[in-house]
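The primary structure of each chain is shown beneath.
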Amino acid sequence: MEKRIRVKNFLDDTGIIDLQIRLVAGSSGIDREIRVGDINRPGLTLAGFYDFFAYDRIQIFGLGESAFLRQLSETQKRSVLEKFFSYEVLCCIFTHDEEPDRIFLEFADMHGVPVFVTKKDTTKFTSSLVYLLNEAFAPTVTLHGTFVDVYGIGVLLIGKSGVGKSECALELVERGHRFISDDVVQIKRVDEQILMGSGSPLLKHHMEIRGLGIINVKDIFGIRSVRDRKRVELVVMMEEWDNNKQYDRLGLEETTHGILDIQVPSIMVPVRPGRNIPIIVETAALNQRLKKLGIFTARELDRNLQESLKREGIGE
Amino acid sequence: MTEREVVVTSDAGVHARPAMMIVKEAMKYSCEVKLIKDDVEADCKSIMSVLGLAIISGSRLIVRASGNDEAAAVASIVTMIENNFRPNESSAQKN
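Chains A and B, in that order, give the protein sequences. Residue 316, in my numbering, is where the first sequence stops; the numbers in between run on with no holes. Residue 411, in my numbering, is where the second sequence stops; the numbers in between run on with no holes.
Just so you know, the hints here were simulated from the structure itself, not pulled from any lab data. Check the hints yourself; a few may be wrong.
[What the hints assert, rightly or not] Straight-line C-alpha distance at most 25 Å; calculated BS3-like pairs for lysine-lysine:
hint: 1; chain 1: B; residue 1: LYS340; chain 2: A; residue 2: LYS160
hint: 2; chain 1: B; residue 1: LYS344; chain 2: A; residue 2: LYS160
hint: 3; chain 1: A; residue 1: LYS245; chain 2: A; residue 2: LYS160
Can you build the whole structure from these sequences, using the hints too?
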């Protein structure tokens, strides 16, 4: 899915991370689209080395760049900036509250390149900005399922409509677990290994239960029963019990479910009236925690069994 | 797989009641029915999913179905959207 992120998005509410930036020039370019989630320090470029100039990235002017510009004479500065702005520079951000001088602002206004100043220092600002860019550019997928935090494990329940995902989540909430989202789960790959799941902002903490209609889990069960996002660590596939199908009886093999090219551990839970699914999900979550700690019950039992069989064979 | 594009013309968009009508209609068929708006896919048989699309008047939707009765499912849902969810809205007014 093609994403459009504009320069002005970083001026608006950026959530928990405040970039503390203000616009000082080039307001006409505020609608420019950010196409790459990378940043560039233009020190070398300003010094005259234009090979590999990543002009389409956000340019960060730290103390070094500011000091370099300051020591130039006016004619030198004009020629440096002339060259610099001849490229289609995306936008410039000055850190350490170092406001650029009149000449720089003039050039920026002329070329419609937004210039921002932040109070933060370069390293802190860069890490905040990279975090926001990563979030914004992270591949996202919307899945049909129900997402619950069970004992600190993000469990994604998937399965056909009507198989009982929401009812299962409701029971889990009743048992003190936290509900994140029902039916619509937005999943983001924030890192090579990490998937974060959250609900749609519009449907936040709402759930549909056949026979009841739409309920608000937060209002009914209180603030302790919900959370906004969680890492996806276990996928529980629910399906109606099929007598002709063989279900896993040992759990020796680890099965996975691919989401955005990341393999998430998964289990298949057949549903049958009278079968207590929430307790199975709870146990699966606890088992997953054990596995994370390196304890693989089925394999350990198998190993112990094999050893004792071997001993009996020797006649001990 | 059968799919058709439809533009929502009802003024209020797809709020709770029309969403419920779409879901009810989709539930009549055994096939899998999806509603797609701006690359976001929703399960037509889930009310939360349909509501989550935030469909407003003028939204361009794709109704996509795959399964046994896919053609009939797509046709009936598209017709319902094109008719501005009318039959039931008038009966709702009577109540």
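Problem set entry | Given pair status - LYS160 of chain A, LYS344 of chain B, alpha carbons within 25 Å | holds (15 Å)
For this session: Decide if the proposed pair is consistent with the structure: LYS340 of chain B and LYS160 of chain A, CA atoms, cutoff 25 Å inclusive.
Result: Satisfied, since the Cα-Cα distance of roughly 16 Å is no more than 25 Å.
For this session: Measure nothing beyond the straight line between the CA atoms of LYS245 of chain A and LYS160 of chain A; if it is 25 Å or shorter, mark the hint as holding.
Result: holds (17 Å)
Hint check: no violations occur; every hint is consistent with the structure.
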